[in-house]
Amino acid sequence: MLKAKQAERTFFNTLSFKMPALCVPALLAGCAYRAATPPPLTPVQYKPAVVRVARFSDVTEEAGLTFKQSHGGCGMRYFVEQVAAGAAVFDANGDGFPDIYFPAPKPLGACKSKFKEMPRQRLYLNDGKGNFRLSPSAFGGVETDYGIGAAVGDYDNDGHPDLYVACYGKNKLFRNRGDGTFEDVTEKAGVGVTGFSTGAVWFDYNNDGLLDLYVLRYCKWTVETDIPCMGPDGTRDVCKPETYVASTNVLFRNNGDGTFTDVTKQAGAAPAQRRSLSAVAADFNGDGRLDLFVSNDLGPNYMLRNNGNGTFKDAAMEAGVAFGLTGVAQANMGLAAGDFDDSGRISVVVTTFANEPYTLYRNEGDYFTDVSGTSGIGKITLPYLGFGTGFFDSRNNGRLDLFCANGHVSPFAHLDNPLWSYKQHNQLLLNEGGGKFMEDVNALPKNDVRVHRGACFADFNNDGKMDILVTAADDRPTLLRNETNSGNWLMLQLTNKQGCCTPVGTRCVATIGGKRLTRVVIGGGSYGGDSDFRIHFGLGEAKEAEKIEIHWMSGKTQILEHVAANRVLAIREAQ
Amino acid sequence: MISRSHVLLSVIGISTIAAAVIVRQTVFTRKPVSQQVASQIDARVVEMDRQLTQLQASVARNPKDQGSHWALADFFQRIHRPDKAAEQLGEILKLNPTDRAARMALGNVFVALGDHAAAGGEFRQVINTEPKRAEAWMGLATSLYHRQLYREAANAARRAVHLDKREPNYRYTLGASLLQYALQFPNPDDFGRELIEAQNCFIFVLGAWPEKGNVYYDLGRASMYLRAKRPAVRNLRRAMELIPDNPDIPRMLAQVYLSSSEREAARRVAEEALTRFPRDAGLHDMLGRLLQTSGETGADRLALEHFRQAAQLEPKTGLYLERYGTACLRNNLFVEACAAFETAQELNPTRAYPYQQLAAVYSRMGDPKKASMASKYATDMVYNDQLLTRIQALSNKDPKNAGYHLVLARRYQEVRLAGAAREHYLGVLALDPANGEAKRGATNALVQLAEQEKLKAAETLAKRPVTPR
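So the protein sequences, as listed, match chains A and B. The opening position of the first sequence corresponds to residue 1 in this note's numbering, with each subsequent residue numbered one higher. The opening position of the second sequence corresponds to residue 576 in this note's numbering, with each subsequent residue numbered one higher.
Just to be clear, a hint being listed does not mean it is correct.
Said to hold, decoys possible - Residues on chain B that point at chain A, a partial pick, calculated with CB under 10 Å: (1) Lys804; (2) Arg805; (3) Pro806; (4) Gln830; (5) Ser834; (6) Ser835; (7) Thr868; (8) Gln931; (9) Arg939; (10) Gly941; (11) Ala946; (12) Thr964; (13) Leu1001.
Keep in mind that the hints were calculated from the coordinates and are not lab data. Note that beta-carbon positions come from the ideal geometry of N, C-alpha and C, so glycine has one too.
Extracted from the complex, chain B is given alone in its bound form (with noise of 0.2 Å):
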């Protein structure tokens, strides 16, 4: 009998990612493996061809043996096979529709799916026949997260935490969804509450797991935006050590270094990354940014240079765009500084800033029509925005006034922040639950999400490296 164990395990290794890729080849493609492919295959894989044959013809003999399935779900997990093994466990539960380790299984096979909602659905039945399995609401919170519902992720994972208050893994899937929770405002550090329960959570992660890099990240962002200053320099440059090929700890690094006024620290961290991570739009803007201000002679041609190969390397970044355009124009470069900022403009047609640039760049090219047009409208921009951070004010003020947290959450939806916009749509409902305005909000908020989540998975999907045949 194999454990159902091995498929509660989301990825079992395999050999060689070659190897699993001629199996999928031969046992579902039956295409014939060139001879120098077929050359490389050694005694394993012949094993497995071998057990599959075998499983498959063990469930055909044995439809309604539930032992035959979960044998055979088991090793399409093995062989990066989700979809496959979420067959065999349908069959399971078919059979027997009360298996919550069927049940946990397909969830955690959903997962792998980027199936989140259909995941988030299985674990959500465990839960109501089994409310005091961690594992489930692990398994819910993970879903929630993925699916961008950071606080609900929250609530989920602070219940796993409450049942088994030792699992690392639990504490850690909390502060990262509290984590996510406060960025996905404009202003994180507006949430301390949620960061400091975040940090806590890290810090206990670290206890058992002090190797742990993406740990450090986190506790380095954490306490980035806690203010507090030395942690976040100490745990990102840990995370730096264990995990070096990852761009975003060093821009980081080089972000607490900046705003706290330490600019040579912060240009040593982007010099000597952008030397590893020569392609990274993210450092060259930040080096930019550091040139910029600099005081050194030619320090503007140098950031300009940085900011034309962060726009390069990111075009659909408007931010870059923005600050390519503004060194453009301290260059004297009107043109370029024009169409870097229509072009921003056109990204993000609710941003000031891309405006008021163009108020001066068509200001300096003698022409001023379009500049008193350019500065109107940037104007209006100004005053949104504005108007935003006082109704942001006010709303932390009187967290009960279900008005505030109407308009924020329209602005936020007007400027695609779902995340943000569906938290004060809820807000609006927790105090006035009849409120349609807010229900349709919500929901829709929800649909945003959603989108953005598949749009994510796809980007990932095509970001992944191809596996030469």
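This is chain A alone, in the form it adopts within the complex (with noise of 0.2 Å):
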């Protein structure tokens, strides 16, 4: 007994509030700066020659797609069900066109008896014209825990995309043997990450040519601990995230033979316990070196500046981002990354809770600024709850169009406030240029409203033309064939000179008519899985580009001159 109470005692004691230091305001003070000079913007005011509206078609079902995305759940609302499943979009089998992974959400505790037949996870694969067939054997019946995220990569420079499943429960690695099917190198590798993970990013931290894993871990809840929370109705609803303890993410150096070391300590990949929910890995302050911004449900996002040295340093503060338009920390959830206004920068979407804007912060070079309010995105976002997010160019004129996956974490959402749904329609947000987003309501299916979660961009019929896919809680995904008018394009699937077809950082530049416009290959973002790693490029009225410079991570620069429109280029770095 008083051993128990000492163990209380210690525990409380460890409770302990930091303290201010008192010697702040000195430490702090001198405002007698001159204000530096904003670094100047040179906005490109770009007018299509053609006035192009988006329109989307949903094509699920005829595509292919005809199963249910379980959550697992059975009435019970496991914490862990909320934030359901995510998919991903790559080339699985090396025919040129992208295919579908959707993880499997498996049923838990008391739900486990009430599912007839589990949940698998599934790989279609694409015919060539948009129309998607399961593969079978693709995994060769290894199934994964509570799979919630997929991250893709080329982590053995093989020039097949390999796939990391994060799951609640134990995470999983399928190393692609080229063919359209995986094997399980988990244990071998030892990334087999625990606990509840939502996503993974792939990229090169120490610039050696070999992929680095990151992986996104939410809070400590389990299934054992699961604490009951009630609807008004006095069923069960979901808990708030501060029920439970936040956890850390986990960094994995590639040691380039297969296996991978954890190395999140001395590389200071994880500051503090946050809920993470997305990341995205890009050069943010142009330095060579890639970056990485996550998103943290609850708590202030991270901004972990490459160092150059393996390590890293959180400086988001600093640069602008932890926190909303308020400056408080809102519950950030899915990232979209892209150079939206041309200034050959990559900014950043973040998607929020109901009653918060999804925040824009446009990058400035060394910080961001917060443009939520200008923007209009801020506003249009407002009563929505949104994971999946990205920026693609909808009618291939040269801008960066926005689009938002919604949909609530609870079904009493509307119990809160009447203008909110626990189902909601997804958001398409065109760029209006001059930094301005209005929405397109009729772009997109108005049927289609419900508890959106994941979002995976990609031309899945070669036609130039970008396609949505988005995934929902306890549903069927959504399969958006984009058929606007568009102008017309360029499409640039890039490996590098180690031989790895998802080169993460790589930044192309195109030259049309006499605008530049910059696209990266992003790592990570949205929600729950990785798109299309191609580069699209959206040319307007313009038959060609002029010139396509190629920046690969290892410093050395391509350049192609006069490129066609309406092809795909598969380019190799130059060894």
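The two chains are supplied separately, each in an independent frame; assemble them into the complex guided by the hints.
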């Protein structure tokens, strides 16, 4: 009894709050600065010759995606069910057409006995026309735990994209044999992270030509420690995230021999316990090294700046991306990254909870400016709860538009606010130029109202128009085929000199009609899975790109001139 | 014989304030009244002067006659001199310590004087001898309410309601105490049970007093924290009609609209209210927030103007300074932003926000060292906030854990939430009555609350309009 009391006392003594430093006013004082001149912005006033209207059709069933992606629930509303699962788009069998992988959330605890058939992870192969068939033996019967997110990366540089599946339980790494089948190499690789993982991102943080792995974890929830939370009608509802202790992320260094080493601590890659939901790997400050932007639910985001010596520094506050428009930590969910303003820099959008604006952080070089208000994004997205999101050129007019997959976490959302709902429709925000976005309410099918989660972007039928795949909690996915009367286009399938077909960080700058468009191979982003790694340029009315510069992560630059429009180019980095 | 019930009324109207001032001058200071003012004295004031002389003479003649003391006390009450009335009531109680009417009256006089601890003492003495006297419980509840001991106030008011279920005044005190009890915590919406009981009280009161604006206001606030948007809007709108000169009501109404994403409605309310209350910092702040997230052209600049006004009108409110600083940052006014955040940080050194924003400001000013330092402090403060949220959640799940109560009490005391700290110290004592730290903590919190009460009283006094002589 005494021991128990002592233990309890020790526990409570550890719950000590940190005192603010008394010397802070003196230390931080000194406003007598000359205000630094903000870096010049040179927005390009690009006016497409033809005003295009975006149109997407729901072709899910005709494309053969006829299944329900269960969240494994049976009314218990286990905490993990609310995040559901995403999907990943990649060319699994090397035929040049993007295929689709769906992770499988499995029934847990009391729900196990209520499922006649266990949900299985699924790989759908593309027939080249944007139609899909289930590959029954892609994983040789190997199953995952409660699958949530998937990260695609060619970690062994064999030209075949591999697959890492983030789960509640134990994560799995599947090596692509090159023919659309996979082998489970989790144990050999040593990347079987346990706990409640929500996703992962492949990126080469030490620039050794090998993709490393960053795994996101949410909180220390287990089905055994689940706390029942009740909704207003007395039935179970999802608990608030604060009910459980936040978790830490994990960074693995690729050893180059099929194994990985956990370098989280020495690299400073998990500065605190957070509820991470998405991450983007890109060179945000233009120093040639890949940084990480991590969205953390109900906590400050991370901006893990790559120090270039194998370590990271969280510079989110200095960079102005830790918090939202009003300066408080938001329920940060999914991430979109892209050069929406043609500044040559990668800006970021974070989707958030209902009544919080989705946040657009415009990259100014060393720091970011929150332009959610002035861009119009904040106002348009305020009633929605967003997960998956991404920048892509929906009309091939050279402007990056923004798609947001929306859906609340609580079935009782409407009781909190009559304007909210559990099932929500998605949004396509068209880039109007000048840093402004406007929702095209007619672009998406009106009846697609679900609890959406993941969003992937790919040209499934290689017609040059970017399509969208959206997942939904305990519902069928939605494949939105782009039927916009679009402009011309170009697509680049890149392979670096090491042979990696997912060369994260490679920057392509196309000069089209005198205008320079920057597109980057982004690692991660959205929510729950990766999109097509090919670079896509919308050319508008232009028949060619005058010049395309490819800036590889090795530091080399390759230049292509007078590239004719409407082609998929496979480009390999010169040795 | 003058009716004793007169004295029980805490405030009795007098013809004019000017008349009262003149009576005070003539009676107590015996200073000559100027010709101009003297000409305004009406016959009633002369009559009052005569009455006072007569009553004082009566007391002098018969110092042991309680009736004379009552009459004089009553008169003093009428001319707004509760201190003098208290002296007379004290004399009565010296003559007859068991006079419960005098004790009740003295309690009420102490309430009028703002000495709520003394008032509570008097009401308790009445309750000790007459536990079924509802008005004594009500008096006790009022005194406790003013001392910010809201839980105890609610308990006392509940006793009064139990004894007289039809009296709306008792219900109102109960409802107001419960509402304030919830509002003293950082997350009032965690106290749904108390808020619902308060709501029911206010609804009852409105049945009897359908035109009381402040009851609609309180009902609107309770509904807002219960996330019942429609009733909140309805009641706040009615309150606004009945009390058009209170800027808090439109501000609250705008907040309700804002929290339910009805930004246009919120903006209409704030803009309309600002035309009537152009010097209300809260309304400027609200409109600034609405503009900042409107996505309109020039919104940042317009928002900045409102945030600047709010910070200038209330320079000691950290929140307004923080928002002003954020708006400066968004308009690239780094020096102004820096000054605003540094002042906000000095006003409230335990808040993460100013440090967070200073990190961004220093970064833009090209000082990564200071930016990094501010970022570190901000991270520590965020850690504190998260730890607090976590312990709050744990304590809600396990309310019989004294350890959680103790940690929460310590933290609330550190961040000067004395009421919330005291509640958790009492929570510890309920589970572990011998806990010395909790005993000391509860006492200290009580002292803090008393100091806050004094400060509040002084501020109220300072804000009171000066009557021209």
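Hint check:
1. Lys804: holds (7 Å)
2. Arg805: holds (8 Å)
3. Pro806: violated (13 Å)
4. Gln830: violated (12 Å)
5. Ser834: holds (7 Å)
6. Ser835: holds (5 Å)
7. Thr868: holds (5 Å)
8. Gln931: Holds, because the Cβ-Cβ distance from glutamine 931 of chain B to chain A comes to roughly 5 Å (cut-off 10 Å).
9. Arg939: Since chain A brings a Cβ to about 6 Å from arginine 939 of chain B, closer than 10 Å, the hint holds.
10. Gly941: Check passed: Cβ of glycine 941 of chain B comes within 5 Å of chain A, closer than 10 Å.
11. Ala946: OK, holds: alanine 946 of chain B within 10 Å of chain A, min 4 Å.
12. Thr964: holds (5 Å)
13. Leu1001: violated (18 Å)
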